[in-house]
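Based on these hints, arrange chain B on the given structure of chain A.
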Amino acid sequence: MTFSSLRWGDGVIAALASGVVVAAFALAYLPDSEASMLVITQTGEPPRQEPLDRAREIEIQGPAGVTRVQIEPGRARCADSPGTRNICENSGWLQRHGEVAVSLPNRLTLQVQGHGPGYDSLHY
Amino acid sequence: MTTSFPDTLTPRDRAIAALAAIAIGVQVLEAAIPSPVPGIKPGLANIVTLIALLTLGWRAAVAVTLIRVVGAALLLGTLLSPAFWLSLAGALAALAALGLLRPLTPRHVGALGLAIAAAMAHITGQFLLAWGVIIPHPNLPLVLPPLLLAALITGSVTGILAAHVLADPRIQRHVRLARHP
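In order, the protein sequence lines correspond to chains A and B. Residue numbering for the first sequence is 5 to 128, as defined by the numbering used here. Residue numbering for the second sequence is 34 to 214, as defined by the numbering used here.
Be aware that a few hints might be false.
Said to hold, decoys possible - Part of the chain A face toward chain B, derived, beta carbon under 7 Å:
#1 L10
#2 V25
#3 F29
#4 R52
#5 G69
FYI, nobody ran anything at the bench for these hints, they're computed from the structure. Being a predicted model, the structure only gives us computed values, none of them experimental. Each residue gets a CB set at the ideal place from its N, CA and C atoms; glycine is no exception.
Isolated chain B (complex conformation):
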């Protein structure tokens, strides 16, 4: 397996690939959890995006997230379906929010704030795509407030989980290689 990779592969590349693989696994597992409300799910894969951001930087977080969106869609059979575009729109919006907050991390903003901002941006991006393209119904804004509330809750949960993961000594052994620009 190792021989097929070019020698230029850096530890950073390997870390991105490993994180993306974990994120795909989390997202596929999460898809198997029945949701009480359609459109609301915990978004546990975002923990991996946060860890990539806080350890490897924003560009790595973008790479991990895009690989995760495409990879999970391939495994779930939703590639290029509305679910995929919604997933991508949410991911891009969340990455944009994380990019805006990046100068403040980790000194002023920690995993919790990042996760909440990303979750709110995620649902907003999804909503705008859904409203603008998929279901352009004038009443759709009525479902946005509950979705935002759900995003606040799930974002808090994923943020707390991400902080716990980062605080774990077993993880910190690996994240030392990071702290890239």
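Here chain A stands alone, though its shape is the one from the complex:
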């Protein structure tokens, strides 16, 4: 008997391992916690909550100008902000629980919140 030839168990293990990989990707990355609320926190102001139920735009006056926030069902984004490096805009659509966009010139953060298992932030 040689060691090199494939056995049926090899195929079973390879299939099981592939299944584990696919399941892990699905569990980790499928959107499991839709955002339902946008929390706007600005220095010196009480936190403000906007439900993500219908499309609309709100404008927030800050020390550096106006931050325009675009809201759609289930997501929100910073559409325009006075920061010159467009950090707030580049955060893109916030749609999973805990995602956040920050405008430092206007001293405000936008964070969407949902239900269920989410996470606060992600750092690299």
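For chain B alone, coordinates are given in the frame of chain A:
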């Protein structure tokens, strides 16, 4: 050099020592290869563990692997550092998986299946240690799927390589002494 060894040294002991030395060499060489992604490396030293398992048995595989983990850590200067504990956790998890599959070898499961199972167990063990102790961050599970995918690929590669090594006539001359319980 030979006089310092006790007479009780069996050919099996010498084979374990030789395999462990090869495994340490492979792991040290592999540490010199820059990895495109931190945390992902081929794990070529696991080929030696597989060969030890398939030729000398599971206990020899445990011995070879533990000697390899400690020996490579000594040479790389990572002994008792987080890298060492991660290496040890992965090795122990992989050995546990190999121990579970041992009754099926070599009749039902070959080197490829063993290597894939060991690689998946290896990264899982490392991940659990990293998540539980070193970086207990709630978001760490998000990095697990890519790591598992990498383990599937590297495990397949090491399994194929191990099968090729075992099929080599130059190796088979040596592995005949094995087939221990």
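Legend entry - Minimum beta-carbon distance criterion (7 Å), F29 (chain A) to chain B: holds (4 Å)
Inset, instruction - Please verify that hint: L10 (chain A), Cβ, nearest Cβ of chain B, below 7 Å or not. - result: Where the cut-off is 7 Å and the nearest Cβ of chain B is about 6 Å from L10 (chain A), the hint holds.
Legend entry - Agreement of hint R52 (chain A) with chain B interface, Cβ distance less than 7 Å: It is violated, given that the least Cβ distance between R52 (chain A) and chain B is near 26 Å, above 7 Å.
Inset, instruction - With a cut-off of 7 Å on the beta carbons, see whether G69 (chain A) makes it to chain B. - result: With a minimum Cβ separation of about 33 Å from chain B (threshold 7 Å), the hint on G69 (chain A) is violated.
Legend entry - chain B contact restraint on V25 (chain A) - CB to CB distance below 7 Å: It holds, given that the least Cβ distance between V25 (chain A) and chain B is near 5 Å, below 7 Å.
The structure is inconsistent with the numbered hints 4, 5, although it conforms to all the rest.
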